[in-house]
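Undergrad: Taken in order, these protein sequences are the chains called W and A.
When we follow the numbering used here, the leftmost residue of the first sequence carries the number 1, and every step to the right adds one.
When we follow the numbering used here, the leftmost residue of the second sequence carries the number 110, and every step to the right adds one.
No lab work stands behind these hints, which were simulated from the structure alone.
On a predicted model such as this, the values are computed, not experimentally measured, just so you know.
Note that beta-carbon positions come from the ideal geometry of N, C-alpha and C, so glycine has one too.
Treat the hints with care, since some could be wrong.
[To be verified] FRET-style restraints, in silico, Cβ to Cβ:
#, chain 1, residue 1, chain 2, residue 2, range
1, W, Asn-23, A, Gly-149, 37 to 47 Å
2, W, His-40, A, Thr-222, 13 to 23 Å
3, W, Thr-26, A, Arg-173, 29 to 39 Å
4, A, Thr-122, W, Pro-8, 31 to 41 Å
5, W, Ile-74, A, Lys-124, 18 to 28 Å
6, A, Arg-173, W, Arg-81, 18 to 28 Å
7, A, Leu-205, W, Asn-30, 16 to 26 Å
8, W, Asp-11, A, Arg-173, 33 to 43 Å
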Amino acid sequence: DAKTTQPPSMDCAEGRAANLPCNHSTISGNEYVYWYRQIHSQGPQYIIHGLKNNETNEMASLIITEDRKSSTLILPHATLRDTAVYYCIVSEHGNQFYFGTGTSLTVIP
Amino acid sequence: GAGVSQTPSNKVTEKGKYVELRCDPISGHTALYWYRQSLGQGPEFLIYFQGTGAADDSGLPNDRFFAVRPEGSVSTLKIQRTERGDSAVYLCASSLDSGSYNEQFFGPGTRLTVL
């Protein structure tokens, strides 16, 4: 069963930051937060993951609240190619992921 | 380098038939995962292997589903007596090792249609 709650859909203007929220109020101390995305007709693609601290890589930033009950994925300058379904996942061991239904992000020209 | 590949890309079969779906992981990856994805849903975990052994098969829906990885590389997902409800995209992923620091790399999937 998915342990996360995400809005079903969001829009973002091209070039603007996309902020995708995720609630994981039942997260345990050893569970990581992972983000993957799935572009239409492709397999999911890893974006970023974190435990407690905020993380940043070349794709995105991950902001985790101090109580770890929610997080936000930030795409700093969204492009049309970022249109995809974004999945927030919590997992202790990074093995069996439960994806849920994710957020369908549409980047608008 | 080559990513995860899956064959066939599409498979159409009749109810009651047996099918095999193949996954070739990234070379050197010891962990391999199977998921299935129904239309409009996120991927659903089925099983994962660490090396040759199934470390967790708790997601297999029933005993018609079975997966093997005899040499710790290529894996085959086998479905017996297929049913229309088995129609889905079957995704395979691999990672360098199991554990929280290891990114899963996904293949393009096999679309299975059971008529």
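Undergrad: Hints first: check each against the structure and report whether it holds.
TA: Okay, the hints, checked on the actual structure:
no. : hint                                : in the structure
1   : W/Asn-23 with A/Gly-149: 37 to 47 Å : violated (21 Å)
2   : W/His-40 with A/Thr-222: 13 to 23 Å : holds (18 Å)
3   : W/Thr-26 with A/Arg-173: 29 to 39 Å : holds (32 Å)
4   : A/Thr-122 with W/Pro-8: 31 to 41 Å  : holds (32 Å)
5   : W/Ile-74 with A/Lys-124: 18 to 28 Å : violated (46 Å)
6   : A/Arg-173 with W/Arg-81: 18 to 28 Å : violated (39 Å)
7   : A/Leu-205 with W/Asn-30: 16 to 26 Å : holds (21 Å)
8   : W/Asp-11 with A/Arg-173: 33 to 43 Å : holds (41 Å)
When each numbered hint is compared with the structure, violations occur for hints 1, 5 and 6.
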